[in-house]
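Colleague: Those protein sequence lines, which keep their order, are chains A and B. The first sequence begins at 25 in our numbering and counts up one residue at a time. The second sequence begins at 30 in our numbering and counts up one residue at a time.
Source of the hints: derived by calculation from the structure; they are not laboratory data. Fair warning: there could be bad hints in the mix.
Claimed, not checked - No more than 30 Å apart at the CA atoms, straight line, and that leaves these computed lysine-lysine pairs for DSSO-like: (1) B/111 with B/206; (2) A/77 with B/206; (3) B/206 with B/58; (4) B/234 with B/222; (5) B/58 with B/127; (6) A/77 with B/222; (7) B/80 with A/78; (8) A/78 with B/111; (9) B/206 with B/234; (10) B/111 with B/132; (11) B/206 with B/127; (12) B/111 with B/127; (13) B/127 with B/80; (14) B/58 with B/111; (15) A/78 with B/127; (16) B/132 with A/78; (17) B/222 with B/206; (18) A/78 with B/222; (19) B/132 with B/206; (20) B/80 with B/206; (21) B/58 with B/132; (22) A/77 with B/127; (23) B/111 with B/234.
Stated by the list, open to error - Just a sample of chain B residues kept apart from chain A, beta carbon distances all over 12 Å, derived: (24) 83; (25) 112; (26) 163; (27) 171; (28) 205.
We put the beta carbon where it would ideally sit given N, CA and C, even for glycine.
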Amino acid sequence: MNTPLDRMFGADPQNFTPQEEEEVFRELARAFTHVERRQACPEHRRILEMINKKLETRDEN
Amino acid sequence: MAGFPETPVTLLKRLEERQGGIPNQSAWKSFFDLYHGPIRLAVVGAFRRCKWYDIPEDLVEEAIADVVVSFFRADFRYDPAKGRFRNYISQLAGWRVKDIIGKRAPGMLPLESVVEEETYPEPNDALLCQERQEYRASLLATLLEDVRARVSPQTFLIFEMTKIQEQNPEEVARMFKVTRNVVDNAVYRVLNKLRELAAQPEYRKEYFA
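Let's have the full structure, built from the sequences with the hints guiding it.
Modeller: Printed below as a string of structure tokens:
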């Protein structure tokens with residue numbers, strides 16, 4: 025276990041230093057922004073519509 | 030991002046719920062909001078393994094939609110005993126891509142049959158590193174949504190504004206008409222909850238995938 029995130033998921037009970045805390049928050053912020061950006065792209069909306077149609081068709085069958 | 034109080038495994042259980050015979054729409058939308066990136070890479074990887082490199086975007090999108098719809102099929106339920114969720118996504122993507130190629134160009138389909146394996150296969154192509162990063166982003170976003178559902182809306186919002194959007198904590202305190210101490214406590218509570226949830230076996234298994 026090297027990074028603070030590794031330690032967090034590894035259930036390491038030791039407290040983080042303030043710098044380690046900030047590193048965890050930075051990683052979370054990066055992930056959150058990445059996923060949100062994906063949701064905002066036109067492809068995301070198109071696929072959501074496609075899934076909706078496919079599920080409706082399945083339910084009719 | 031829609032609130033989604035689940036870990037990857039319980040998230041899938043919500044996908045199985047039906048409301049008046051119809052799949053739970055908020056569940057699959059939230060699931061797709063979080064896992065679009067990993068599913069896309071798994072689909073592209075599956076096409077490449079079938080020697081399809083220049084794939085039209087509409088086919089990629091169709092395969093992604095088919096993978097999400099597959100989560101509703103009882104015979105494709107995720108079984109944690111068979112492996113990691115990330116590898117399960119890859120397996121579903123492989124099946125759906127083969128379905129699509131089989132319909133469009135049956136002669137180009139690899140001869141191996143589409144049967145359920147004893148365990149989900151570990152991806153091993155060049156996309157592996159990218160897939161891993163994309164999956165980790167989805168996992169961290171899932172963890173955040175999980176925490177969001179377990180603390181008060183104000184606590185999470187204060188955390189989100191100060192640590193995700195990186196706004197000045199003093200300004201956030203003024204905005205909420207609270208002391209700086211309340212802001213610091215909110216961040217502390219969220220961090221503790223993040224650590225508590227991340228340490229759960231199902232998160233740990235997926236993170237160290």
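Colleague: Of the numbered hints stated earlier in the document, which are not met by this structure?
Modeller: The structure conflicts with hints 1, 2, 3, 6, 9, 11, 18, 19, 20, 26, 27, although it agrees with all the remaining ones.
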